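All chains, full assembly: derive it from the sequences and hints.
Residue numbers (this note's numbering), protein chains in the order written: chain G, 8 to 239; chain S, 397 to 627.
Please keep in mind that the hints were generated in silico from the structure rather than gathered at the bench. Quick caveat: nothing in here was measured; it's all calculated off a predicted structure. Don't take each hint at face value.
Here are the computed distance ranges between Cβ atoms for each label pair [said to hold, decoys possible]:
no., chain 1, residue 1, chain 2, residue 2, range
1, S, 617, G, 56, 21 to 27 Å
2, S, 574, G, 44, 54 to 60 Å
3, S, 617, G, 235, 48 to 54 Å
4, G, 80, S, 437, 51 to 57 Å
5, S, 557, G, 32, 54 to 60 Å
6, S, 440, G, 121, 53 to 59 Å
7, G, 19, S, 615, 25 to 31 Å
8, S, 434, G, 56, 56 to 62 Å
9, G, 19, S, 574, 44 to 50 Å
10, G, 21, S, 422, 45 to 51 Å
11, G, 112, S, 435, 56 to 62 Å
12, G, 56, S, 401, 22 to 28 Å
13, S, 580, G, 129, 50 to 56 Å
In this text, a Cβ means the ideal position worked out from N, Cα and C, and glycines have one as well.
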Amino acid sequence: MISMNNIVKKFGSQTVLSEVSFEVKQGEMFGLLGRSGAGKTTIINILTNQLKPDGGSHKIGVTSYETGLMLDEDGLYDRLSCLDNLQVFATIYGISDKNSKDALDKVGLGESANKAVSQLSKGMRQRLALARAILHNPKVLFLDEPTGGLDPNTAQGIHKLIQGLQKQGATIFLTTHNMDEAVKLCDRVLLLHKGKIVEQGVPTEICERHDAVKTVPDLEKVFIKMTGEGLS
Amino acid sequence: MKSVQAIFVKQSKDMIKNFSVLIMFVIFPLVAFVMTHFVARGNYDIPDTMFTTMMASIFSGMALIQAACGVIAEDREKKSIRFLVIAGVKPLAYLAGIGGVILIASLISSLAFGFIGGFARDEFIAFMLVMMSGAIASIILGATIGVYANNAQAASGLSLPFAVILGFAPMVAQFNERVESFVGFFYTQQINVVVNDFTAGLAHPLTVIWLNIAVLAVLFILAYAKKGLGS
Chain G
8 MISMNNIVKK
18 FGSQTVLSEV
28 SFEVKQGEMF
38 GLLGRSGAGK
48 TTIINILTNQ
58 LKPDGGSHKI
68 GVTSYETGLM
78 LDEDGLYDRL
88 SCLDNLQVFA
98 TIYGISDKNS
108 KDALDKVGLG
118 ESANKAVSQL
128 SKGMRQRLAL
138 ARAILHNPKV
148 LFLDEPTGGL
158 DPNTAQGIHK
168 LIQGLQKQGA
178 TIFLTTHNMD
188 EAVKLCDRVL
198 LLHKGKIVEQ
208 GVPTEICERH
218 DAVKTVPDLE
228 KVFIKMTGEG
238 LS
Chain S
397 MKSVQAIFVK
407 QSKDMIKNFS
417 VLIMFVIFPL
427 VAFVMTHFVA
437 RGNYDIPDTM
447 FTTMMASIFS
457 GMALIQAACG
467 VIAEDREKKS
477 IRFLVIAGVK
487 PLAYLAGIGG
497 VILIASLISS
507 LAFGFIGGFA
517 RDEFIAFMLV
527 MMSGAIASII
537 LGATIGVYAN
547 NAQAASGLSL
557 PFAVILGFAP
567 MVAQFNERVE
577 SFVGFFYTQQ
587 INVVVNDFTA
597 GLAHPLTVIW
607 LNIAVLAVLF
617 ILAYAKKGLG
627 S
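In structure tokens, the structure reads:
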């Protein structure tokens, strides 16, 4: 469904991605893990054709219409209501206004439909951004730090929603620096450090390989072992 | 077409709620009305249409440039455009949607200027034609600055000299012949040219404005090629 082969990306003289290769299967929840600045967002930007790589090739088995995107910067229209924000995209996709209302209900913002985005909390903005990403029932969903900076309750709500989308058949590509989130959600993960892949596979198997299983798989321990650095 | 419609509706709703942009479309006709009724009327040294043409030129030069560049720069700064592009919106559709709303708003203000100026029917039509053409030029210039600037603050700073020169030069030209000969190349000056002598026809002023539009379109293409709509 999604693949990258030996992708290289440089910003000036700095190499931010160095021969990155991976494959994501249809219906899979794939996690890209690493510290801030590891190159996670750059990978999403390349996969969504917002950036051109300096080397290598990449492929997504769907059209841009069939992808949904939630980025670290939400790009919402502050002066418009939640519903108006979604209706802009509903018109672009040629789907009915009912889809906008349904998407708001799914993320728990049904009662705030007519509230201006400028009046929303950070968690509500994240949920609205997610509603926009899933508005047209995309086959592939890119989520860049979907729970970054959120309280545990809101994050848990978003986790349930993402898991529900996967059950409905969506392929989900998410980036996070929260290892617990990755273990909980992802079928497979890729650990990225300074633009290079340091490990990839099923979270529990990775932890077993690196003797990092206690009562729960400890991906963070693997990360520290592989990179010599913590996450904070 | 769906994309143009989506952007047009979004921008219409946004502009109604954006006081700083909306006020520009109201304040210039309002000042023209006040000055015409309380200063020009009854004062035989001042032509009745003087403040209308003065304010219309300033409006065409200042308000529209700042509105167009402000909207585009804000959308770029907040990364809203990224989501539109990924959803399949083409740059031309985006600019048509944004430009369409600003053009219609400018036509409403122009209608107000026309009524305040008290023009006869044919004069009114000529005035609206020259205002509409001038608005297109200003929107393209505003879009060029909005595309080139890195954020809304930079766009505001960049647009100010253009807005001041294009907006105020026609007013200065009324008092200085040397300035008038130079400003004759500006699209904003053509509003003065038309209103000062409606019998001279529209061929020359419209030619000047559309030459301005051609030059500005080239500048826009260059700015777009360099920066694109992303950030």
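Is 25 to 31 Å respected by the C-beta to C-beta distance linking residue 19 of chain G and residue 615 of chain S? holds (28 Å)
Just to be sure I understand the hint, the distance between the Cβ atoms of residue 21 of chain G and residue 422 of chain S should be within 45 to 51 Å; is that true here? holds (49 Å)
Can you tell me whether the CB distance of residue 112 of chain G to residue 435 of chain S sits inside 56 to 62 Å? Distance hint for residue 112 of chain G, residue 435 of chain S holds at roughly 58 Å.
Should the hint that residue 574 of chain S and residue 44 of chain G are 54 to 60 Å apart at their CB atoms be regarded as holding? holds (58 Å)
Can you let me know if the beta-carbon spacing of residue 617 of chain S and residue 235 of chain G is within 48 to 54 Å? holds (50 Å)
Taking the Cβ atom of residue 434 of chain S and the Cβ atom of residue 56 of chain G, is their distance within the range 56 to 62 Å? holds (58 Å)
Satisfaction of the hinted span 21 to 27 Å by the C-beta atoms belonging to residue 617 of chain S and residue 56 of chain G: holds (22 Å)
Tell me if the beta carbons of residue 557 of chain S and residue 32 of chain G are separated by a distance inside 54 to 60 Å. Because 56 Å falls inside the window, the suggested range holds.
Regarding residue 440 of chain S and residue 121 of chain G, is the given constraint of 53 to 59 Å on their beta-carbon distance met? For residue 440 of chain S and residue 121 of chain G the Cβ distance comes to about 55 Å; the hint holds.
Is the distance from the Cβ of residue 56 of chain G to the Cβ of residue 401 of chain S consistent with 22 to 28 Å? 24 Å Cβ-Cβ, so the 22 to 28 Å window holds.
If I claimed the Cβ atoms of residue 19 of chain G and residue 574 of chain S lie 44 to 50 Å apart, would that claim hold in this structure? holds (49 Å)
Kindly confirm whether 50 to 56 Å is satisfied by the beta carbon distance between residue 580 of chain S and residue 129 of chain G. holds (54 Å)
Hint compliance for this structure: no hint is broken.
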